[in-house]
Amino acid sequence: MSKDSASTDPSADILEEASSWMIELEEGEIDPAQRAQFDQWLRRSPENVRAFLEISAAWEESFRLDAHGASSVQSLIAQSLAESNVIPLPTAMTAGRGHAAAPPASPSDGAAASESAGRSKPRRTVSRRAALAAALLAAVGATALWQTWQASLYITGTGEQRSIALADGSMVQLNSQSKLRVHFSNTERTVELIQGQAFFQVNKDAARPFVVRTGEANVRVVGTQFDVYRSRGGAIVTVVEGRVAVSPVSGDTEQKLYLAAGEQVTVGPAEAPHPVHANVATVTAWTERKLVFEGAALTQVVQEFNRYNVRRVVITDATLEEVHVRGTFAANNPQRLVEFLQQRFPLAIEETQDEIRIGLKR
Amino acid sequence: MANELKQGFVTTLVRSHGRQLRRFLAVRLRNASADVPDLMQEVFLRLLRISNHETIRNPQAYLYTIASHVLQQHALKQAYEPSAEMPLEIELEHAVVADTDPAAEAELELTFEAIEHSLRAISPRAYTTLILSRCHGLPLHEIAAQFGVSRGQVKKYLAKALIHVREHLRDTEREVP
Numbered sequence: 005m006s007k008d009s010a011s012t013d014p015s016a017d018i019l020e021e022a023s024s025w026m027i028e029l030e031e032g033e034i035d036p037a038q039r040a041q042f043d044q045w046l047r048r049s050p051e052n053v054r055a056f057l058e059i060s061a062a063w064e065e066s067f068r069l070d071a072h073g074a075s076s077v078q079s080l081i082a083q084s085l086a087e088s089n090v091i092p093l094p095t096a097m098t099a100g101r102g103h104a105a106a107p108p109a110s111p112s113d114g115a116a117a118s119e120s121a122g123r124s125k126p127r128r129t130v131s132r133r134a135a136l137a138a139a140l141l142a143a144v145g146a147t148a149l150w151q152t153w154q155a156s157l158y159i160t161g162t163g164e165q166r167s168i169a170l171a172d173g174s175m176v177q178l179n180s181q182s183k184l185r186v187h188f189s190n191t192e193r194t195v196e197l198i199q200g201q202a203f204f205q206v207n208k209d210a211a212r213p214f215v216v217r218t219g220e221a222n223v224r225v226v227g228t229q230f231d232v233y234r235s236r237g238g239a240i241v242t243v244v245e246g247r248v249a250v251s252p253v254s255g256d257t258e259q260k261l262y263l264a265a266g267e268q269v270t271v272g273p274a275e276a277p278h279p280v281h282a283n284v285a286t287v288t289a290w291t292e293r294k295l296v297f298e299g300a301a302l303t304q305v306v307q308e309f310n311r312y313n314v315r316r317v318v319i320t321d322a323t324l325e326e327v328h329v330r331g332t333f334a335a336n337n338p339q340r341l342v343e344f345l346q347q348r349f350p351l352a353i354e355e356t357q358d359e360i361r362i363g364l365k366r
Numbered sequence: 459m460a461n462e463l464k465q466g467f468v469t470t471l472v473r474s475h476g477r478q479l480r481r482f483l484a485v486r487l488r489n490a491s492a493d494v495p496d497l498m499q500e501v502f503l504r505l506l507r508i509s510n511h512e513t514i515r516n517p518q519a520y521l522y523t524i525a526s527h528v529l530q531q532h533a534l535k536q537a538y539e540p541s542a543e544m545p546l547e548i549e550l551e552h553a554v555v556a557d558t559d560p561a562a563e564a565e566l567e568l569t570f571e572a573i574e575h576s577l578r579a580i581s582p583r584a585y586t587t588l589i590l591s592r593c594h595g596l597p598l599h600e601i602a603a604q605f606g607v608s609r610g611q612v613k614k615y616l617a618k619a620l621i622h623v624r625e626h627l628r629d630t631e632r633e634v635p
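Protein chains in written order, with this note's numbering: chain D, 5 to 366; chain Z, 459 to 635.
Heads up, a few of these hints could be off.
Unchecked claim - Computed list of lysine to any residue pairs in SDA-like fashion (alpha-carbon distance at most 20 angstroms, straight line): (1) Z:K535 <-> Z:A572; (2) Z:K613 <-> D:V280; (3) Z:K613 <-> D:P273; (4) D:K365 <-> D:Q346; (5) Z:K613 <-> D:R39; (6) Z:K613 <-> D:Q38; (7) Z:K613 <-> D:I27; (8) Z:K535 <-> Z:A484; (9) D:K260 <-> Z:F467; (10) Z:K613 <-> D:E21; (11) Z:K613 <-> D:I34; (12) Z:K613 <-> D:A16; (13) D:K294 <-> D:T162; (14) D:K260 <-> D:V280; (15) Z:K613 <-> D:Q41; (16) D:K294 <-> D:R316; (17) D:K294 <-> D:K208; (18) Z:K613 <-> D:I18; (19) Z:K613 <-> D:E20; (20) D:K183 <-> Z:K535; (21) D:K183 <-> Z:D496; (22) D:K260 <-> Z:T470; (23) D:K208 <-> D:E192; (24) Z:K613 <-> D:E64.
Said to hold, decoys possible - Pulled a few chain D residues facing chain Z out of the computed Cβ check, cut under 7 angstroms: (25) E31; (26) I34; (27) V53; (28) E58; (29) S60; (30) A62; (31) D70; (32) I198.
Said to hold, decoys possible - Stretch-level coverage of chain Z by chain D, calculated; a stretch enters the list once three of its residues show a Cβ under 8 angstroms from a Cβ in chain D: (33) 472-478; (34) 526-534; (35) 581-589.
Please keep in mind that the hints were generated in silico from the structure rather than gathered at the bench. Note that beta-carbon positions come from the ideal geometry of N, C-alpha and C, so glycine has one too.
Extracted from the complex, chain Z is given alone in its bound form (with noise of 0.2 angstroms):
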């Protein structure tokens, strides 16, 4: 039961704050945006780490407050001395503002271009399939229907879809230098 409730709390703020996160953790790493997942995956072990996480009253606040801590000790990590430009101390604002950054937003439409057109050439059914599930918000046997195919085939055109997706996403953060 507890460990329900605590799937639910991580999967929770992946859903509304994995974007804000990642966001986050690349503008205050800007020569080091390959790091970006590193950190990700340290700031959620550690939140599944938390065994009294119904008492967090702020999920938001506590994410941050932990990403915070996880940027520290990198910085650490990285020189024998903190950076000046680490801030030791970091403010919801700041990830609200960090949120938007015009370069990296107009550098993730192009790679989606790019993917649009890698993903149509590899597969047709994945691409639809994509684009039906996660813009159009039809349910997976509601797409099974229209191909004419099993919940279980579809299911596997958006498993494709979406390692497609991860694997040009990883790319474009390792090629930032």
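With the rest of the complex left out, here is chain D (with noise of 0.2 angstroms):
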């Protein structure tokens, strides 16, 4: 774009690469070898190192893609097959039947290729009717195949709680918005925590080990009962029965800490996880709707309450955010920690349709 950029921009050919290595270490599908390549990749040039900088940038801000959105994955695929401008005759099929593998090669490059077509200049050949079927089959499609996938992404909106029962017999309390994935197979129970936190009740299971992943550590076990939160500051482990191993999943893989019932360990990115003790019961309030503080700010008591409930509570007064909470509260009762702070400050409440707003009387 302007004077300089030959000189500063990574080339397209980098730009590639570079994407390639990150969409694979996003996907955690790199074994040693290849992050020994990865490593050697980023040393081998100041212009790599900028071009996975800036393509990560990319992938951190995209979230904003969807920040309006109520997109479900179901309307998404269909728009997009539909707006391809090919009729995915064979692609849909495969599709509906749900089958994961790769499908035969031919058709697969027939979509890609048309969309490549279609991509150069919009064509608009095809008749209505059979952009219309060719709608209706790519919805049919991605009806059936959305089915079997939402069987297995488990999703919770404010103040939701779900209880969800495992095909192996385990139980999952899914808390207030939180997102989850379950993948079985033969040899491993593998659930996803996208966001939030939930808590497992594990079945024994010795030749299948159970392993709750999050973007910060994976948990593994036999059978136990435990909790996950994927809080701000990073992923925080607590065991309530039996013994867990956590492993952090950046820096050394080898590494594993193992937390007894009462243990929890924090791995985030600030410092090098420890297991500390902790109040079980206080953990897991949550799952009976309860939410319990023993002298935390004001400012995350209220983040905790915002957790559960449409209607924000938003704190006005700066020196309100210093004052320490002890107690217990029914977490989709706002009204009551109001009514908590009012006994004890001079309190202005201006309740919106949206919003609590605390503040302290002039």
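Reconstruct the complex from the two isolated chains, following the hints.
This is the structure:
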């Protein structure tokens, strides 16, 4: 764009290499040999470092694309299949049967080729009837697949909690604003905690270990009860019963922390993880829709309430932020928190449809 | 083995602090935000050179210490005298405050609206793949199954989308006076 772009911009090839590394690292499908390769690649030139940073930034910021979005997986797929201006007959059939394996090469190549053709010059030569048929087929295929997919993805809204019985008889309790995906195979029972918090009661199966994956850490167990919370500061693992092995995702993959009942570890970017003793009852109080605070700062208390309630509590006076709270509350009743504070401070409460604004009386 | 560890260390820092560091630098380079990518690169090149990273107890503090050194040197290069505004010591709290700049946030929102339109026009599949992967957390092989193409093909869609987003972000950085 500007004059200096030629000298500072990574080439198209390097950007593609950087994207490829970024994607495989994000997917977590990299073995030690590839890691070494990636390291060499990074060291090969400062241009590579720059490309990797810029592509990482593109990935990080892209969460905004769905910011307005109640766009469901289903509608996105149907839409983009219809937009690609081809009749994806074999493709849709394959998808409809829910095969995860790669389909035969010819239809997929055909679809990809047609898409690139449509890209260079949008074609409108397909008759309306054919286009309609394509959209319909795509929607049917996507719906069938969506159902098999959805069967393994669990999402809770604000204030919503769910109990999920897994195929092996294990139980998961999913907290408010959480997202969990389940993949079971013959050798491993894997669940991914994409967001939020979950409490697991795992049935014993020595042949198939149960693994909870988060971005920060993998938690491996045979049979036990434990809680995983993806907080802002990292993944917090608390063991209620039995033993679990926690391996941080970054750094030394050999490193494992063994936690016993009553122990907790936080795996985050800030510092090396080390186990501490935890009050198990406090950590799992949410499963009874209770919030227990033992001298937590008001800002943190408010944050916890806002995980469960659409109507947000907002502190408008900075001096209140220093207040520490000790007590047990019903998670879906922020009014109790307001009363609790009113008994102690001269408050000015302003209630709108979306917010409860708490400040000090002037 | 040591290389592996180091790679993990730097990648983790990019993952966890890349965005925050970019803001940190942008806020302190108000009149020269086009320099942000250069300084980011410099910070991470220095991180790659560290040999005994496992002794670093607080990677975040370390990252910002390096960043502030890079900023100082940059300021010295720009003028005969260091600017009075350029902080000589930067504390972690400042980095946290710098993370939320409402004006920058608003601009990014606008940029992403433009990206949404242009990417959809260029390749609906690249757009959909990026959303499914980034916002819905679907792994590539699942997206491949939905489209009925190979994982390799979906990876190409995603790479294309990322390169497109990166292009827009870079242009936005350059447009700022």
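Hint check results:
1. Straight-line distance between C-alpha atoms of K535 (chain Z) and A572 (chain Z) comes to about 35 angstroms, which puts the hinted pair past the 20 angstroms bound.
2. Annotation: proposed proximity of K613 (chain Z) to V280 (chain D) is violated, straight-line Cα distance about 41 angstroms (limit 20 angstroms).
3. Under the criterion of a C-alpha separation no larger than 20 angstroms, the hint pairing K613 (chain Z) with P273 (chain D) is inconsistent with the structure, at around 28 angstroms.
4. A threshold of 20 angstroms between alpha carbons decides the hint, and for K365 (chain D) with Q346 (chain D) the separation of about 11 angstroms falls inside it, so the pair holds.
5. Proximity of K613 (chain Z) to R39 (chain D) is assessed by CA-CA distance (about 18 angstroms); at most 20 angstroms being required, the pair is judged to hold.
6. About 17 angstroms separates the Cα atoms of K613 (chain Z) and Q38 (chain D), which keeps this hinted pair within 20 angstroms; it holds.
7. For the given pair, K613 (chain Z) sits about 8 angstroms from I27 (chain D) by alpha-carbon distance, which is consistent with the 20 angstroms threshold.
8. Proximity of K535 (chain Z) to A484 (chain Z) is assessed by CA-CA distance (about 17 angstroms); at most 20 angstroms being required, the pair is judged to hold.
9. For the hint pairing K260 (chain D) with F467 (chain Z), the CA-to-CA distance comes to about 17 angstroms; that is within 20 angstroms, so the pair holds.
10. The hinted pair formed by K613 (chain Z) and E21 (chain D) meets the criterion: a straight-line CA distance of about 12 angstroms does not exceed 20 angstroms.
11. A threshold of 20 angstroms between alpha carbons decides the hint, and for K613 (chain Z) with I34 (chain D) the separation of about 15 angstroms falls inside it, so the pair holds.
12. Restraint check for K613 (chain Z) and A16 (chain D): the C-alpha separation of about 16 angstroms stays at or below 20 angstroms, so the hint holds.
13. For the suggested pair K294 (chain D) and T162 (chain D), the alpha carbons sit about 15 angstroms apart, so the restraint of at most 20 angstroms is met.
14. Only pairs whose Cα atoms come within 20 angstroms are accepted, and K260 (chain D) paired with V280 (chain D) is accepted, the gap being roughly 15 angstroms.
15. For a cut-off of 20 angstroms, the pair hint linking K613 (chain Z) to Q41 (chain D) stands: about 19 angstroms separates their Cα positions.
16. For the proposed pair K294 (chain D) and R316 (chain D), the alpha carbon gap of about 17 angstroms is at most 20 angstroms, so the pair holds.
17. With a C-alpha separation of about 29 angstroms, the suggested pair K294 (chain D) and K208 (chain D) falls outside the 20 angstroms cut-off, and the hint is violated.
18. Straight-line distance between C-alpha atoms of K613 (chain Z) and I18 (chain D) comes to about 16 angstroms, which keeps the hinted pair within the 20 angstroms bound.
19. A distance of roughly 10 angstroms separates the Cα atoms of K613 (chain Z) and E20 (chain D); the hinted pair therefore holds under the 20 angstroms criterion.
20. As the CA atoms of K183 (chain D) and K535 (chain Z) are separated by approximately 48 angstroms, the hinted pair breaks the 20 angstroms bound.
21. Proposed proximity of K183 (chain D) and D496 (chain Z) is contradicted: the alpha carbons are some 37 angstroms apart, above 20 angstroms.
22. Among the hinted pairs, K260 (chain D) with T470 (chain Z) is consistent with the structure: their alpha-carbon atoms are about 18 angstroms apart, no more than 20 angstroms.
23. About 12 angstroms separates the Cα atoms of K208 (chain D) and E192 (chain D), which keeps this hinted pair within 20 angstroms; it holds.
24. For a cut-off of 20 angstroms, the pair hint linking K613 (chain Z) to E64 (chain D) stands: about 17 angstroms separates their Cα positions.
25. Given hint, E31 (chain D) at the interface with chain Z, holds; its Cβ is 6 angstroms from that chain's nearest Cβ, closer than 7 angstroms.
26. The restraint placing I34 (chain D) at the interface with chain Z is violated, with a minimum CB-CB distance near 10 angstroms, outside the 7 angstroms limit.
27. Taking 7 angstroms as the C-beta cut-off, the interface hint given for V53 (chain D) holds, the closest approach to chain Z being about 5 angstroms.
28. A distance limit of 7 angstroms between C-beta atoms decides the matter here; for E58 (chain D) the minimum to chain Z is near 5 angstroms, and the interface restraint holds.
29. About 5 angstroms separates the beta-carbon of S60 (chain D) from the nearest beta-carbon of chain Z, less than 7 angstroms, and the hint is met.
30. Hint status for A62 (chain D): holds, given a least beta-carbon distance of 4 angstroms to chain Z, under 7 angstroms.
31. With 7 angstroms as the threshold, the beta carbon of D70 (chain D) comes within range of chain Z, its nearest partner Cβ sitting at about 4 angstroms, so the hint holds.
32. Annotation: interface hint on I198 (chain D) holds; nearest CB of chain Z at approximately 5 angstroms, less than 7 angstroms.
33. Closer than 8 angstroms: that is the beta-carbon criterion, and the segment 472-478 of chain Z has 6 residues meeting it against chain D, so the requirement of 3 holds.
34. Note: the segment 526-534 of chain Z has 0 residues with beta-carbon separation from chain D under 8 angstroms; the three-residue rule is not met and the coverage is violated.
35. Counting residues of the segment 581-589 of chain Z whose C-beta sits closer than 8 angstroms to any C-beta of chain D gives 7, which meets the bar of three, so the coverage hint holds.
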